[in-house]
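Engineer: Based on the provided sequences and hints, a complete structural model is requested.
2 protein chains.
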Amino acid sequence: MIPKNAIGIFDSGVGGLTIMKEVIKYLPNENVIYFGDTARLPYGDKSEEAVIRFTMESASFLIEKRIKLLIVACFTASSHALKILEQKLSIPVIGVIQSGVVELMAATKSKRVAILGTLSTIQSGVLQALIQNKESSFVIFPTACPLFVPLIEEELFDHPATRMIGEHYLKHLPEKNIDSALLACTHYPIIRPLIQEILGPHVALIEPARSCAIKTQTCLEQCDLLNRQKATPLYEFYASDNPEKFCRLAKFFFGSDINLKIEKK
Amino acid sequence: MIPKNAIGIFDSGVGGLTIMKEVIKYLPNENVIYFGDTARLPYGDKSEEAVIRFTMESASFLIEKRIKLLIVACFTASSHALKILEQKLSIPVIGVIQSGVVELMAATKSKRVAILGTLSTIQSGVLQALIQNKESSFVIFPTACPLFVPLIEEELFDHPATRMIGEHYLKHLPEKNIDSALLACTHYPIIRPLIQEILGPHVALIEPARSCAIKTQTCLEQCDLLNRQKATPLYEFYASDNPEKFCRLAKFFFGSDINLKIEKK
Chain A
1 MIPKNAIGIF
11 DSGVGGLTIM
21 KEVIKYLPNE
31 NVIYFGDTAR
41 LPYGDKSEEA
51 VIRFTMESAS
61 FLIEKRIKLL
71 IVACFTASSH
81 ALKILEQKLS
91 IPVIGVIQSG
101 VVELMAATKS
111 KRVAILGTLS
121 TIQSGVLQAL
131 IQNKESSFVI
141 FPTACPLFVP
151 LIEEELFDHP
161 ATRMIGEHYL
171 KHLPEKNIDS
181 ALLACTHYPI
191 IRPLIQEILG
201 PHVALIEPAR
211 SCAIKTQTCL
221 EQCDLLNRQK
231 ATPLYEFYAS
241 DNPEKFCRLA
251 KFFFGSDINL
261 KIEKK
Chain B
1 MIPKNAIGIF
11 DSGVGGLTIM
21 KEVIKYLPNE
31 NVIYFGDTAR
41 LPYGDKSEEA
51 VIRFTMESAS
61 FLIEKRIKLL
71 IVACFTASSH
81 ALKILEQKLS
91 IPVIGVIQSG
101 VVELMAATKS
111 KRVAILGTLS
121 TIQSGVLQAL
131 IQNKESSFVI
141 FPTACPLFVP
151 LIEEELFDHP
161 ATRMIGEHYL
171 KHLPEKNIDS
181 ALLACTHYPI
191 IRPLIQEILG
201 PHVALIEPAR
211 SCAIKTQTCL
221 EQCDLLNRQK
231 ATPLYEFYAS
241 DNPEKFCRLA
251 KFFFGSDINL
261 KIEKK
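So the sequence lines, in the order shown, correspond to chains A and B. Counting along the first sequence from 1, when you hit position 158 you're at 158 in the numbering used here, and nothing is skipped either side. Counting along the second sequence from 1, when you hit position 111 you're at 111 in the numbering used here, and nothing is skipped either side.
Just to be clear, a hint being listed does not mean it is correct.
Just so you know, same-sequence chains aren't split out, so a pair can sit in one copy or run between any two.
Heads up, simulated PhoX-like pairs for lysine-lysine below, C-alpha to C-alpha not over 25 Å straight-line [claimed, not checked]:
#, residue 1, residue 2
1, K88, K264
2, K65, K176
3, K111, K261
4, K88, K265
5, K265, K83
6, K4, K111
7, K251, K111
8, K171, K109
9, K176, K109
Simulated from the structure, these hints should not be mistaken for laboratory data.
Structural biologist: Rendered as structure tokens:
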């Protein structure tokens with residue numbers, strides 16, 4: 001593996017671009033290849049077995065592109081497939097769940113926290129177990145919000161229906177006296193203001209992006225794989241389907257237009 | 001092909017059970033094998049190319065089960081893949097779109113009609129072209145309702161948010177003076193009362209199920225493939241993922257509990 005090889009970032013769709021955006025802030029010299037498995041999204045309501053199979057196939061595509069490190073920028077894929085990826089791949093693998101948990105545990109004072117995620121992420125129990133293993137005194141309120149992703153993909157970021165669905169999922173939380181909530185899905189930062197309003201201003205909303213970027217930087221340093229060439233970095237974007245929608249949504253998640261190639265899965 | 005072989009019904013998920021329910025009413029002697037491609041749903045926001053690929057793979061599974069006739073009980077798959085299936089398969093293929101169009105054209109008097117469907121079904125333009133080819137004087141209002149499927153799969157059939165999303169999609173229709181609307185997605189009959197309320201009581205809501213069942217019966221008769229044995233028919237149900245959710249939703253779409261087997265895709 002050589003330093004000028006790219007970092008690979010994988011997500012079921014466009015949401016992982018929120019992670020990529022932060023990674024390239026911290027690692028401006030690095031080449032990055034992004035793959036979104038849009039032909040089979042959403043992963044969030046699929047079974048563990050299906051998520052593992054899709055994730056392995058997506059990782060193989062990036063491995064063929066000779067990436068030097070893989071970021072699994074999808075909570076559902078991280079929850080189910082991270083251990084298997086770590087076992088099977090010979091490059092470092094970084095998942096969003098560890099970064100999310102580290103940030104959440106650093107933020108909370110009361111140790112009463114919520115985790116908001118897809119059904120599959122919440123049902124896996126992986127995030128809950130990670131926290132409890134580190135500190136068993138945490139009181140955790142895992143909350144599945146399955147409609148957030150389709151509502152966001154419909155660009156109804158601030159629509160009354162999105163607010164109503166938000167209240168439907170989250171209305172039990174304000175009385176639980178939480179002080180922090182992990183946004184355990186890379187789509188959710190897009191409706192951060194709405195979630196903040198429902199949970200109240202005293203609840204810290206935690207995202208894994210910055211922590212994930214710092215972890216990536218540290219890992220590349222330790223493996224002596226930082227790209228020290230000063231050339232303009234190359235960013236490549238692949239998706240397995242629906243390029244128009246991906247590019248339209250990319251503006252919200254990545255903040256700028258992108259060139260997308262299709263890789264069928 | 002022999003008469004005791006089963007009818008195959010394919011859908012991206014559980015929605016096609018509304019078609020199966022009607023088919024077994026009209027053809028109580030027939031064995032039926034149902035396949036829902038739940039690992040890759042929804043098809044409704046995927047590209048034409050992806051929908052064709054997934055549909056061909058799903059059809060192959062049913063062909064291996066030696067079905068004598070294939071019903072494509074998914075408007076998105078019917079819109080994109082029906083012609084290719086007809087070319088490639090040596091058995092009769094029946095799609096929901098033709099049945100839907102026949103019913104819609106029989107129902108309307110004013111020839112001002114709406115088509116409600118997934119984004120992919122609406123964007124394909126297939127339903128619109130089918131109608132216009134038969135009678136160019138029709139005024140059609142094609143209306144994509146992408147969030148209806150996830151809302152229904154969340155069982156929010158009568159939730160205020162579903163009503164709000166319904167109004168968001170359909171509020172332009174009452175002033176168009178339509179007298180009929182095709183529910184061009186097998187999920188939509190589940191929220192029929194809500195759609196009826198928004199469009200008004202004078203708008204006939206058209207479903208393809210009965211027409212599709214009659215067409216199947218006629219086709220089997222013509223091919224001399226009706227099963228005339230009086231044994232209790234066998235119903236087999238397969239899905240490519242997420243059996244719990246499929247079985248839970250099956251109650252609403254099929255009206256009774258089912259035994260499901262998993263066939264990975």
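Engineer: Hints first: check each against the structure and report whether it holds.
Structural biologist: Against the structure, the hints:
1. In the homo-oligomer, the alpha carbons of K88 and K264 lie at most 25 Å apart both inside one protomer (23 Å) and across protomers (22 Å), since each shortest distance falls under that limit.
2. Taking the shortest alpha-carbon separations for K65 and K176, neither the intra-copy value of 47 Å nor the inter-copy value of 53 Å comes in at or below 25 Å.
3. Taking the closest pair of Cα atoms, K111 and K261 never come within 25 Å of each other, the shortest separation being 44 Å inside a single copy and 43 Å across copies.
4. Taking identical chains as interchangeable, the C-alpha atoms of K88 and K265 lie at most 25 Å apart whether they share a chain (20 Å) or sit on different chains (22 Å).
5. Proximity of K265 and K83 under a CA criterion of 25 Å is satisfied in both settings, with 22 Å inside one chain copy and 23 Å between copies.
6. In this assembly of identical chains, K4 and K111 lie within 25 Å of each other by CA distance neither inside one copy nor across copies; the values are 42 Å within and 63 Å between.
7. In this homomeric assembly, K251 and K111 never come within 25 Å of each other (Cα to Cα): the closest approach is 35 Å inside a single copy and 41 Å across copies.
8. In this homomeric assembly, K171 and K109 come within 25 Å of each other (Cα to Cα) only inside a single copy, at 22 Å, whereas the closest approach across copies is 47 Å.
9. Within a single copy, K176 and K109 get their C-alpha atoms as close as 14 Å, which meets the 25 Å cut-off; across copies the closest is 57 Å, which misses it.
Checked against the numbered hints given earlier, this structure breaks hints 2, 3, 6, 7; the rest are met.
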